[in-house]
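Put chain B on the given structure of chain A with help from the hints.
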Amino acid sequence: MTAYLIQGARLYGEERADLLLTDGRIAATGSEAADAAPVGTVRIDADGLVALPGLVDLHTHLREPGREDAETVASGTRAAAAGGFTCVHAMANTTPTADTAGVVEQVWRLGQDAGWAEVRPIGAVTVGRAGTQLAELGAMADSAAAVRVFSDDGDCVHDPVLMRRALEYVKAFDGVVAQHAQEPRLTEGALMHEGVVSAELGLTGWPAVAEEAIIARDVLLAEHVGSRVHICHVSTAGSVEIIRWAKQRGIQVTAEVTPHHLVLTDEQVRGYDPQFKVNPPLRTAEDVAALRAALADGTIDIVATDHAPHPREAKDCEFAAAAMGMTGLETAVGVVAAAMIAPGEHAFTWADVARTLSTVPARIGRVPHQGRPLAPGEPAHVTLIDPERSWRVHPEDLHTASENTPFTDRELPAQVVATFFRGVATVLDGDVRNDREGAPA
Amino acid sequence: MRHLLSAADLSRAEAIEILDTAATMAATQSREIKKLPALRGRAVVNLFFEDSTRTRISFEAAAKRLSADVINFSAKGSSVSKGESLKDTAQTLQAMGADAVVIRHDASGAPQRLATSGWIDAPVINAGDGKHQHPTQALLDAYTIRRHLVADRTGAGLDGLRVAVVGDVLHSRVARSNVDLLHTLGAEVTLVAPPTLVPVGVETWPCQVCYDLDATLDEHTPDAVMMLRVQRERMSAAGGGFFPSAAEYSRRYGLDAARLSRLAEHTIVMHPGPMNRGLEISAQAADSPRSTVVEQVANGVAVRMAVLYLLLAGTDEGTHP
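Chains A and B supply the protein sequences, listed in that same order.
Residue numbers are given in our numbering: position 100 of the first sequence equals residue 100, and the series is strictly consecutive.
Heads up: take any position in the second sequence, counting from 1, add 441, and you land on our numbering.
The hints are simulated quantities; they were obtained by calculation from the structure and are not laboratory data.
Quantities reported herein were computed from a predicted structural model and do not represent experimental measurements.
Ideal placement from N, C-alpha and C gives every residue a C-beta, glycine not left out.
Each hint should be verified, as a subset may be incorrect.
With the C-beta cut set under 7 Å, the calculated list includes, among others, these residues of chain B facing chain A [as the list claims (entries may be wrong)]:
no., residue
1, R495
2, L527
3, K528
4, A548
5, P635
6, P636
7, T645
8, P647
9, A705
Heads up, simulated EDC-like pairs for lysine to aspartate or glutamate below, C-alpha to C-alpha not over 20 Å straight-line [said to hold, decoys possible]:
no., chain 1, residue 1, chain 2, residue 2
10, A, K171, A, E136
11, B, K505, B, E525
12, B, K476, B, D461
13, B, K528, A, D273
14, B, K528, A, E403
15, B, K528, B, E491
16, B, K475, B, D461
17, A, K171, A, D142
18, B, K528, A, E313
Excised from the complex, chain A in its bound form:
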C-alpha cells in the first residue's frame, strides 16, 4: 500500500516533525522518517498544519438500518472522514433498534465494508429502547462488534432500578452506560430550553433541572454500585457542577459536550427555525460559558458530535412538528476551534483537541487501536488540520446525506485537510477520496 511521508507537521500543534506512514502503521517520526521512506512514498507538505491522532466520536447517529433517507453507514462515515474522524460510535436508535448481536454486527460490518472509518456500534440498554427490560448486553459485548458502550440515547433510562442493574451488569465486560439525561415527565412536549426565550415564544420549555436531576441520581447510583457512567451531551451549568462534585468524590463519571452546545444559545430559536431544534436544547449564554470552562478544566472529558441527520422535510416545517437534531461531524473541528481556541478565554490547545476528540473518547469507548499517540509502531490514524484556513459552511458542500446543519453561512476558523485511516488517505488536500486504496468497488 502507498506510504505517506507527512513533512513538517506540528504534532499536537507543538513540535514540527515528519511522520512516515507505511502498511497501516506509523513507521517512524522525526528526523528518521524521511530516511526510512521507501521508494514511491507520497510526500505531503504539511508545513503549518497540525497533526493529531485520528478523531474518535463517541456519539454519532448513522441512521442505518431504517432511515437510509437521512444517512447510511457509508455516507455518515464518509462525512466522518471529511471531519477528521477515524472512528465513530454508531448510536442504537435505529430501526430495528441496535439491541441484539445481530443488529450491532450488521452495523459493524457495514462500517467495515465502507472503509471510511472504524464503526463501533453502541448497543441499546433496553429492548427496543423502551426502558422496561434489559437488552442482551452480554451478547452484544461478545459479538464481532465487541460493544462496550450502551445507550438508549434519544430516551433516558429513567427507571432507577433498571439503570442500577444496567450499571452493574456491564461491569462484567468493562462496558459503560451512556445516559441521555432527561427526566421524561418534566419534559413532556418540551421544544426548547425553558427560560426567558421560551416564555416569550410560547414554546413548551425543557427545564435544566430535568437533565440535572437524572445526572445527580446516576452519579450516586454509579458510586453505590462501583460502576462507571458516561453522561451524553451535557448542556447546563448545573450539570457541570454536579459532575465536578462527583469527580471530586471519586465517582467514575465521564461526560461529553457537543460542539453546538459550545457556541449556540436559545436566542437562536427566536426565528422559529427548526435547524436550531435539538435535544437537549440550546441553552443560555451562561450555560455555554460554563460548558467551555468545564471542557477546558477536564470536568467535561470529551467533545462528541451527536451528529443527527434528518431528511429535508423533517426541518422544512413548523418548529413544533420538526425533528430534533443537527449534523456535526464535518463542522466539529471548526466549531471547537471557534469556541475553545480562537477566543483565548481558556488555555485550550490543539493538544487538548487531541485529548477531548481522540484519546479520551477512545478510552471511554474501550477502543483499543484508536486515540493512540503519534509514535512509531502505533496505528496510522492521523488527522491533519490547517489551523489558519477559515471556511464558510454551505450545507451542499458537506458529505453527510442530510442538510440540517445549524452553521449554514457561518465562518469557521480551522479546517481538516487530510485524514489517514489505517494508513489509507480517506481525505487528502481537503478532498474525500472515493478512489482510495481498498475502497469498495
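Chain B in isolation, oriented as in the chain A frame:
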C-alpha cells in the same frame, strides 16, 4: 408593516394608526350599507389549523365588509406525519392567488415560518399561534379599553391606565399579546395567576406579576380587569395538574360578585371569550354593565377590518373608506 405576526412587532405609532383606522371602520358600520369597496377583487384566505369559529367568522366578516373574497381553509392536523405539510398548504394557497393569509395554528411560530420561509409572498396575519401571540385580539382589547377610558381618543395611546390580566398566563397567547401591546401604548399591566400558570422566564416581560387577585384589586386598582379563559383539563394530572380544583381556582382567581363590587366605578371587565361562567368569571360579572365582552366581539370586526385594510390596500390603489 408587511405582516402582522406579533403584537411586539408594532411600534406605538403603528398600533395607534390601527386603532384610529378601526375607529373609522367602526363608524361605517352604523351605516345602513355596511360594505366598503376597499378590497374589491382581493382574496383573503382564512387558514385555520385549529378550530376557532369566533375568530374565523370575525375575520370573515371583516374581509367581506371590505368587499374582499374570502376563502376558508380548515386544515386540522398539520405536521408532516399527519398529512400535508404547512409548506405545501401554503404553496397551494399561493397558487390559487391568495392576497393575504390569515392563519390560526396550534404550533407557536407557525405564522412566522409562513411569512419568512419563502414559501409564499402574501402578507400573513396571525390569528393566534399556539401559546405565542394573538395580535388582533390585543388590538381589539386595546381598542375597547381606549373607547371606554380615554376621552380624546384619536391619536391617543393608553398612557397611565392600569390593566390586570387574570388567569392562565402560561398557556395564553392573549396574555402575551396584551402585555406587549398595552405596554407599547403606555398602560401598566399586572398579570395575576397562580404561580403554576405563570411561565418561567416571565421576569423580562414589561409588566408586574402578582399571585393574589384581591391584593391586585385593592392595591393596583385597575382601570380594566381582563379575565382569561381557564381550561378545565389543566387541573387534571394529565394536563399537568396546575391547580387542585375548579372550586379552588374560582375562590382564589375568579371574578365573583364580591370582587366585582370592589372595583372602581369606571373599571371595565373584559374577557376574550368563550367564557367559563362560574369558573374564572361569575354570571354577575359577565352580565354587568361594566362587562365589555359583547362589545369586544364587535370591536374585533372593526380592528380586523383595519388590519386587512392597512396591510392590503396600501399594496395597490385601494380606496379609502
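Verification of the supplied hints:
1. R495: R495(B) check fails; min Cβ-Cβ to chain A is 20 Å, beyond 7 Å.
2. L527: 6 Å, holds
3. K528: This interface hint holds because 6 Å falls under the 7 Å limit.
4. A548: Holds: closest Cβ of chain A sits about 4 Å from A548(B), inside 7 Å.
5. P635: 16 Å, violated
6. P636: It is violated, given that the least Cβ distance between P636(B) and chain A is near 14 Å, above 7 Å.
7. T645: Since the shortest Cβ distance to chain A is 5 Å, the answer is holds.
8. P647: It is violated, given that the least Cβ distance between P647(B) and chain A is near 11 Å, above 7 Å.
9. A705: 31 Å, violated
10. K171(A) <-> E136(A): 14 Å, holds
11. K505(B) <-> E525(B): 28 Å, violated
12. K476(B) <-> D461(B): Satisfied, since the Cα-Cα distance of roughly 19 Å is no more than 20 Å.
13. K528(B) <-> D273(A): 14 Å, holds
14. K528(B) <-> E403(A): Given pair K528(B), E403(A) holds - Cα atoms ~18 Å apart, limit 20 Å.
15. K528(B) <-> E491(B): 17 Å, holds
16. K475(B) <-> D461(B): OK: K475(B) and D461(B) at ~18 Å, within 20 Å.
17. K171(A) <-> D142(A): Cα-Cα ~14 Å, so holds.
18. K528(B) <-> E313(A): Distance of about 10 Å is within 20 Å: holds.
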